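S.K.: Listed here are the chains, written in short residue letters.
Protein chains: 2
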Amino acid sequence: MTYKRTIGVVLFEGFELLDVFGPLEMFGLATDHFEIRLISENGGVVASRQGPKSVSDDSFQSAPAIDVLLVPGGTGTRREVDNPVLLEWLKARAQQAELVASVCTGSALMAKAGVFDGVCATSNKLAFAWACSQSEKVHWQPQARWVEDGKFFTSSGVSAGIDMSLAVIAKLVSSQVAEQAANFAEYDWHRDPDWDPFASVVSPFESA
Amino acid sequence: MTYKRTIGVVLFEGFELLDVFGPLEMFGLATDHFEIRLISENGGVVASRQGPKSVSDDSFQSAPAIDVLLVPGGTGTRREVDNPVLLEWLKARAQQAELVASVCTGSALMAKAGVFDGVCATSNKLAFAWACSQSEKVHWQPQARWVEDGKFFTSSGVSAGIDMSLAVIAKLVSSQVAEQAANFAEYDWHRDPDWDPFASVVSPFESA
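Chains A and B supply the protein sequences, listed in that same order. If you're matching positions, the first sequence starts at 0 in numbering that gives the first Met the number 0 and goes up one per residue. If you're matching positions, the second sequence starts at 0 in numbering that gives the first Met the number 0 and goes up one per residue.
Only chain A is shown next, with the shape it has when bound in the complex (with noise of 0.2 Å):
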């Protein structure tokens, strides 16, 4: 029987649906492969930045031990980078995980975390600079759609994460396996992780 790798979610007020869940599409088609927890810092029902509520499997204090911490971005970020609590245990669950990506601004919360010092990294292009501010010790990637950096992996703004999943899921399975998944989903998969059109639009939109 084929070992399946556990994904943690972190889910936080203000996550950004696609964020979350155009990755875990993805994982879970792969679904010989991967089991998927939603995690929130005291379990129960977590609100998007869209407003739909997703329920959490764990809280910090009862979730299982993770293979791949998945981090989306949304505009909860903006509160979470001064949460120590939520800090401390990305920090704590990134040095145990097999693999660690983020979404979005979600490599904003674990730069702050300290997990990507010395980490080539990117994040969403319409809030670039604020995820930036908070560390200096990331080698910070402004044109990229995702990025890998040993088991860090990091992507660009929302459906970004889409494509380094699909990414994640080659490393850690099989392309074919990804293929499949995308074919699937009838996803037109950008398999380029230089390939980012988006580093020099600007949006009216505030930022993510």
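FYI, nobody ran anything at the bench for these hints, they're computed from the structure. Misleading hints may appear alongside valid ones.
It does not matter which identical chain is used: a pair holds within one copy or between any two.
Computed list of lysine to any residue pairs in SDA-like fashion (alpha-carbon distance at most 25 Å, straight line) [what the hints assert, rightly or not]:
1) K3 x H138
2) K150 x N41
3) K3 x G50
4) K170 x E147
5) K52 x W88
Predicted model, so just to flag it, every value in this text is computed and none were measured.
Position chain B against the provided structure of chain A, taking the given hints into account.
M.R.: Leaving out everything else, chain B in the frame of chain A:
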């Protein structure tokens, strides 16, 4: 003040994660124009096909008026095509809605409910024969990213729902707002409803 349209999203056990949260990412980014309600038969917590659970905002009984009815697919559709309560509710709400949109095998539910009689519609490519078997009165389109026929929008599998939703935002609000949402989410929007490289893809996964 801009009128906010209510997006009513139907949840059932075994809904496909990205069928729901891909579109809601985009509608949620056009936050001045749409309000999101997750609706299930009895309210409460509903588990997706991939595992993660969402919280309903309303039951069928308590749901408010719906401007845009969104129906996802997922393995749960195999059960729900035989649920007369759901089919009757979909039919009644579809008649009242300004616009009706389905993702993936959500179109099979709408076909079975009789909503798509005489309508051009599409569905997931890997479950296409099963979708077609729900009604001979639908003009099924085997090759399309999405199909627009009057107030009815239907998309192909999973991620195609994101492209369709951006087209819906462009129609109901403006192309500019849709473009802003896509850019914010760093999403490579496929604007051509006829773009469909997945029509010929065969997958080893069981159908959605």
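S.K.: Look at each hint and say if it fits the structure.
M.R.: Hints, one by one, checked against the model:
With identical chains, the CA atoms of K3 and H138 are never at most 25 Å apart, being 32 Å at best within one copy and 42 Å at best between copies. Taking the shortest Cα distances, K150 and N41 never come within 25 Å of each other, neither inside one copy (27 Å) nor across copies (43 Å). Taking the closest pair of Cα atoms, K3 and G50 come within 25 Å of each other only across two copies (14 Å); inside a single copy the shortest separation is 31 Å, beyond that limit. When the C-alpha separation of K170 and E147 is checked against a cutoff of 25 Å, the pair qualifies only within one copy, where the shortest distance is 11 Å, while the shortest distance between copies is 39 Å.
For a Cα distance limit of 25 Å, the shortest separation of K52 from W88 qualifies both inside one copy, at 22 Å, and across copies, at 23 Å.
Going through the hint list in order, the structure does not satisfy hints 1 and 2.
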